[in-house]
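K.L.:
Each chain is listed here by its residues.
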Amino acid sequence: MRQIIDSAEIHRRIEAAPLLSSSASRLLQVTSDPEHSLGEVVDIVKTDAALTARILRVVNSAAFGLLNTITSIDRATSYLGERMIIGIAIDICASQLFDKPLTGYEAERGELWRHDLRVAIASREIARLAPQEMAVDLAFTGGILHDIGKSILSEFLAGTAPVVLETIERGDARDYLSAERAMLGIDHAMAGFELARKWNLPTALQQVIRHHHRPAEAEESYRPLVYAVHLGDIVAMMGGGGTGSDTLQYHMDPGYAQYLEITPEQLTMTLLHVEEEFAKMEASLLDGKDGGA
Amino acid sequence: MSNIILGVGDYGASNSPGDIVKTFALGSCVAVILLDPATRCVGMVHVALPDSNINRDKARERPGYFADTGIPALLKQMTTLGCNMRKLTVKLAGGAQIMDPNNTFNIGKRNILAVKKILWQYGMGPVAEDVGANFSRTVSVSTNTGEVVLNTPGRPPWKL
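The listed protein sequences derive, respectively, from chains A and B. Positions 89 to 381 (our numbering) are the ones given, in order, by the first sequence. Positions 3 to 162 (our numbering) are the ones given, in order, by the second sequence.
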């Protein structure tokens, strides 16, 4: 497998990628601090009219079936929870990245966002089941953002999927990530990490994005979080929610057992949990987008 | 002529000419495909987990989710469509895995075993299967031909 493109072009593309809105960026900073309060989240939301409007549409969407309309952003935020607020904020300002088809992975428009939402739900549930103290909503946010590098690499990978799959099957590439690196000089985890640095994301999220397929390479203190998203990604792919040709073309790192005490039975239960939660969250987010309710 | 799309945990059958019964992206889930050449009836269930004891409420609400409740539900529906249970042809697809030498999270394999065990109790077994490995399969079956076609991103479609 030979390199098909000069990776300088990819770095230029990362530089040209859209920025996060200042409210989304501040939300990610504030919520990565374990000591933060919901009040701080509300204060940031209130400075952003588009975000406020969208949150009210989501909370009043048919999917939640509330009897009385919620008009206060404080109530909407506490009803939806921090993770939904962050999901909405990221979706608004980075929809260009999440909503496009991943041509290079032969995935349709919307598949990346649906995969990310599934991974977010699974990662949070895995973090919640862990006996040690974990920032569960940070695991959710990590799940939303972990594959953002794919939206950068996708077009450079157009038409390569059949060759990549054969190369992995022959054992000439360890997994899809190694194949990306061989062809482009950079893989989707590293491209996402570069974007995360440009966005000034908190270190915890940068570590998740960079190491979600190789969690043992993350900085020691972030490993439980990175392993939670590593497993969340696998749960989503097993449940059929991948992003096209790379689905299941990765290794599971058994080292998770050192950081997360989760049994194979609990992982199986997580598969069921994701299916149920995903249907609810997807419906409410889509309703909010259509401007319904 | 219509497409009957089955989500995770759904089951369905049709004997209307031109109908396509289809399910997307199986992952570790297993599609059990039942064909009755005499009535040109095809049925499919998209099984996600091996055993309904893990969540009885879910099994009542969505029997297709589990191997032990999904297969009986599909057989019942096909019987009401006039199929002779003893003359059904069985095909299986799915049950994929992540690459994992330790087999920690072998839900795909467990699904396949559970499906075969339940089929065995009815005296049935698959004549063809495309299971395991590490890619996600989409399956479609036509009532006209009984042909089972599999798809996965990055490879040409193939018949089962």
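A hint or two may mislead.
To be verified - Partial selection, computed: residues in chain A whose CB lies under 8 Å from chain B: (1) Ala150; (2) Leu154; (3) Gly247; (4) Met325; (5) Gln337; (6) Tyr338; (7) Met340; (8) Gly343; (9) Glu349; (10) Met357.
Since the hints were derived computationally from the structure, they do not count as laboratory data. Given the structure is predicted, the values throughout are model-derived calculations rather than measurements. The beta-carbon is built from N, C-alpha and C at its ideal position, and this holds for glycine as well.
K.L.:
Next step is simple, just say for each hint if it's right about the structure.
P.N.:
To see whether the hints hold, each was checked on the structure:
Proximity of alanine 150/A to chain B is violated relative to the hint, the smallest CB-CB distance being about 19 Å (cut-off 8 Å). Checking leucine 154/A against chain B: minimum C-beta separation of about 23 Å lies over 8 Å; hint violated. Evaluation of the glycine 247/A hint against chain B yields a violated restraint, the C-beta minimum of about 10 Å exceeding 8 Å. Interface hint status for methionine 325/A: upheld, as the beta-carbon distance to the closest one in chain B is roughly 6 Å, under 8 Å.
Interface hint status for glutamine 337/A: upheld, as the beta-carbon distance to the closest one in chain B is roughly 6 Å, under 8 Å. Checking tyrosine 338/A against chain B by beta carbon gives a least distance of about 6 Å; that is within 8 Å, so the hint holds. A least Cβ separation of about 4 Å between methionine 340/A and chain B falls short of the 8 Å threshold, and the interface hint therefore holds. Below 8 Å, beta-carbon pairs count as interface contacts, and glycine 343/A has none with chain B, the closest being about 11 Å; its hint is therefore violated.
The beta carbon of glutamate 349/A comes no nearer than 13 Å to any beta carbon in chain B, farther than 8 Å, and the hint placing it at the interface is violated. With its C-beta approaching chain B no nearer than about 7 Å, methionine 357/A sits inside the 8 Å limit, and its interface hint holds.
In this structure, the hints that do not hold are numbers 1, 2, 3, 8, 9, in rising order.
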